[in-house]
Amino acid sequence: MSMDTLHSMRVLVAVVDNHSFAQAAEQLNMSKAMVSKHVMNLESRLGARLLNRNSRNLSVTEPGQIYLERCRTMLEELDEVEATISRATVTPRGTIRMTAPMWLATDYFTGLLREFRALYPDVLFDIDISGRFVDIVEEGFDLALRASRTLQPHLIARPLMPIQFHLVAAPSYLTQRGSPTHPSELATHDMLSYSLVKNAELTLTGPDGEVTVALKPVLQSNNESLLLASALNGMGITIIPGGLADREIELGNLLRILPAYCPQESRLYAVYTSRRYLSAKVRTFIDFLSDRMNL
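The numbering of the sequence shown is our numbering, which starts it at 1335 and goes up by one.
It is possible that some hints are incorrect.
[Claimed, not checked] The following label-pair restraints were derived from C-beta to C-beta distances:
id, residue 1, residue 2, range
1, L1553, M1368, 51 to 57 Å
2, A1367, L1412, 44 to 50 Å
3, S1624, A1534, 29 to 35 Å
4, R1390, M1364, 21 to 27 Å
5, L1412, G1543, 27 to 33 Å
6, A1534, S1506, 50 to 56 Å
7, E1411, Q1361, 19 to 25 Å
Hint data in this document are derived by calculation from the structure and do not stem from the laboratory. Being a predicted model, the structure only gives us computed values, none of them experimental. For each residue, glycine too, the CB sits at the ideal point set by N, CA and C.
Go ahead and model the full structure; you've got the sequences and the hints to work with.
Structure follows, in structure tokens:
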């Protein structure tokens, strides 16, 4: 790879990150024509169009997305190696592309992000919290926070903290339908279930050991906020992370059901690629979360 190609790769990343040839040129202190020339040289070298552009829009093609993510990886690793050689420590910098479950959209988690940014102001966050299952390798994410150890090849999971789930329902629902006194009674209740759980059943551990109950979902969703809102409106019983439900329980808007029975233990994991050179920004952020979440 020539030095010109390496420079052109940096130019391509700058164009995509800025969504603009003009802004990339300003950031790189070069002319817009030279920025365009670098991108066209890459396309000529590869024999593929990397960007679709017109006077108003700029988008990355499918081959461009593949090439772009490899460029990011190579440039980050090169920058880290150079920094390691030239300095005893590496300062975390750049954007962390991360996916996380919706129930982490809380004051607690955003407080952690704010604290990390105060320590490392050169780190930015780009967070997908859509509730979908993200293939972090294919989609170029640095990190996933997941309540699951189900892994794709070449991924590793670092445990961060235990997650408490509660069975809850609104007082209006329980007044109408009655409050279950044993897990087996859940089979006759309207359940609000997380759609990514493949089997419509729930295993609880209590005074009589483990009990697995087949559920009757009247609503399924991958959005915990929707499940919470539906429970608050008296639609049925749901199982939801404590951090999302605790406030409503304190206010009396939701009541815990079967408190003597606990769902199977879950943990939050940091899931990331097992690259030989994990970038300083990702490594430092994972260490920070592990420390603050008190594993």
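Consistency of the hints with the structure:
1. The hinted window of 51 to 57 Å between L1553 and M1368 holds, with their beta carbons roughly 56 Å apart.
2. In this structure the hint that A1367 and L1412 lie 44 to 50 Å apart at CB is violated, the actual value being about 27 Å.
3. S1624 and A1534 have their C-beta atoms about 34 Å apart, which keeps the hinted 29 to 35 Å range intact.
4. Restraint check, R1390 to M1364: a C-beta distance of roughly 23 Å satisfies the suggested window 21 to 27 Å.
5. Evaluation of the 27 to 33 Å hint for L1412 and G1543 yields a failure: the beta carbon distance comes to about 55 Å.
6. Separation of A1534 from S1506 is about 24 Å and departs from the stated range, judged on CB atoms against 50 to 56 Å.
7. Hint check: E1411 to Q1361, Cβ distance near 22 Å, so the stated range 19 to 25 Å holds.
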